[in-house]
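Quick mapping for you: the protein sequence lines, in order, are chains A and B. Residue numbering for the first sequence is 216 to 366, as defined by our numbering. Residue numbering for the second sequence is 653 to 772, as defined by our numbering.
Simulated from the structure, these hints should not be mistaken for laboratory data. Warning: the hint list may mix true and false statements.
To be verified - Cross-link-like lysine-lysine pairs, in silico, BS3-like; alpha carbons within 27 Å at most:
#1 B/755 with A/342
#2 B/768 with B/663
#3 B/755 with A/270
Said to hold, decoys possible - Selected chain A positions facing chain B (Cβ under 7 Å, derived; list incomplete):
#4 325
#5 331
#6 333
Everything numeric in this text was worked out from a predicted model, so none of it was measured. Quick reminder that beta carbons are idealized off the backbone N, C-alpha and C, glycines included.
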Amino acid sequence: MAQHAPQPQFSPDAHPDRGTIRVVNEQPDIDAAHNRVIGAVERHNYPKASIFALKLSLHEALMNAFKHGHKELPTNVPITLHFVVDDAKVLMEIEDQGPGFNPDDVPDPTLEENIERGSGRGLLLIKAYMSKVEYNKRGNKLTMVYQRPKA
Amino acid sequence: MPPTESRIRVKRVDSVTQVEFLDRNILDEANIQVIGQEIEQLIQSEPNPRLLISFSGVEHLSSAALGTLIQVNNHVRNRNGQLRLANIDPQIYEVFVITRLNKLFSIHGTADEALKSFTK
Numbered sequence: 216m217a218q219h220a221p222q223p224q225f226s227p228d229a230h231p232d233r234g235t236i237r238v239v240n241e242q243p244d245i246d247a248a249h250n251r252v253i254g255a256v257e258r259h260n261y262p263k264a265s266i267f268a269l270k271l272s273l274h275e276a277l278m279n280a281f282k283h284g285h286k287e288l289p290t291n292v293p294i295t296l297h298f299v300v301d302d303a304k305v306l307m308e309i310e311d312q313g314p315g316f317n318p319d320d321v322p323d324p325t326l327e328e329n330i331e332r333g334s335g336r337g338l339l340l341i342k343a344y345m346s347k348v349e350y351n352k353r354g355n356k357l358t359m360v361y362q363r364p365k366a
Numbered sequence: 653m654p655p656t657e658s659r660i661r662v663k664r665v666d667s668v669t670q671v672e673f674l675d676r677n678i679l680d681e682a683n684i685q686v687i688g689q690e691i692e693q694l695i696q697s698e699p700n701p702r703l704l705i706s707f708s709g710v711e712h713l714s715s716a717a718l719g720t721l722i723q724v725n726n727h728v729r730n731r732n733g734q735l736r737l738a739n740i741d742p743q744i745y746e747v748f749v750i751t752r753l754n755k756l757f758s759i760h761g762t763a764d765e766a767l768k769s770f771t772k
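When you get a sec, could you build the whole thing from the sequences and use the hints?
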C-alpha cells in the first residue's frame with residue numbers, strides 16, 4: 216500500500232510569497248516561520264545585506280512579541296505573522312495577543328545612562344534596518360516594510 | 653529539550669582565554685543562555701580574567717546576545733579583568749555601531765591584534 220505523502224506544513228494553495236502564519240513560542244515553530252519568510256526573500260534575489268537586515272528584524276520582532284507582548288500569557292498562545300514579499304518590498308506584520316504597549320515609553324538604549332540596560336535594543340535595530348516601522352494604536356501590532364535598495 | 657552541549661570552543665593563548673562560537677547564528681535564546689553560562693564559568697575560574705571573544709564564522713547576532721555580552725563585560729570588569737572582542741563580520745559590526753556598543757567594548761580586527769592589546 217502506498218504510504219501517505221507527508222502533510223504539507225502549509226495548505227497547498229498557500230502562495231509562497233505571502234501568507235498569514237500563527238506562531239507559538241517554540242523553536243521549531245519560530246524556525247518554520249522564519250524559513251518561510253526568508254525563503255521568499257531569497258527567491259526574490261534580495262542582496263545579502265537585505266537578507267541580514269530582514270532576518271534580524273523578523274527575529275527581534277518575534278522575540279519582542281513573545282517576551283513582552285505575551286509576558287503574562289501561556290507559551291501556546293500564538294502570535295500572527297502576516298507577510299508579503301515581492302521584487303520591490305517586503306511587508307511583515309506581527310500581531311500579539313497581549314495588552315499592547317506605548318513604544319515611546321521604551322528608554323533610548325543608546326543613551327549613556329541606558330547603554331548597559333537590557334531592553335529596547337531589538338526595536339532600535341528594527342527601526343535602523345527597516346524602511347517603515349509602525350505600531351497600531353493599542354501597541355500590539357507591529358508593521359515593518361523593507362524597500363529593496365536601488366541597485 | 654533545551655540544548656545542553658557546549659556552544660563554544662575555548663583555548664588558552666599565554667594568559668588569555670580565547671573563546672570562539674560553534675554556531676553561525678547566535679539567535680536562539682536557549683543557546684544564548686548556555687553561552688552566557690559557559691563564559692561566566694570561565695570568568696569565575698580565575699582572578700583578573702583576560703578574555704578574548706572571537707566572532708569568526710558568526711553571521712547573525714541578536715539583541716539578546718548583545719545583552720549577554722554586556723553582562724560578560726560587567727562581570728569581567730568586576731573581577732578586574734579585561735575583555736576584548738575580535739573578528740567581527742562587517743554586517744555584525746554595524747549592529748554594534750547602531751546600538752553604540754562599539755563604544756562600550758574594546759573591538760579589534762583580528763585575534764592577534766586583540767591579543768597584543770591586553771595590558772600586563
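Tested hints:
A threshold of 27 Å between alpha carbons decides the hint, and for residue 755 of chain B with residue 342 of chain A the separation of about 20 Å falls inside it, so the pair holds. Taking the CA atoms of residue 768 of chain B and residue 663 of chain B, the gap is about 16 Å. The hint holds against a cut of 27 Å. With a C-alpha separation of about 25 Å, the suggested pairing of residue 755 of chain B with residue 270 of chain A holds against the 27 Å cut-off. A hinted interface residue such as residue 325 of chain A counts as satisfied when its beta carbon comes closer than 7 Å to some beta carbon of chain B; here the least separation is about 4 Å, so the hint holds.
Satisfaction of the interface hint for residue 331 of chain A is found here, the shortest Cβ-Cβ separation to chain B being roughly 5 Å, below the 7 Å cut-off. About 5 Å separates the beta-carbon of residue 333 of chain A from the nearest beta-carbon of chain B, less than 7 Å, and the hint is met.
Comparing the model with each earlier hint shows no violations; every hint is respected.
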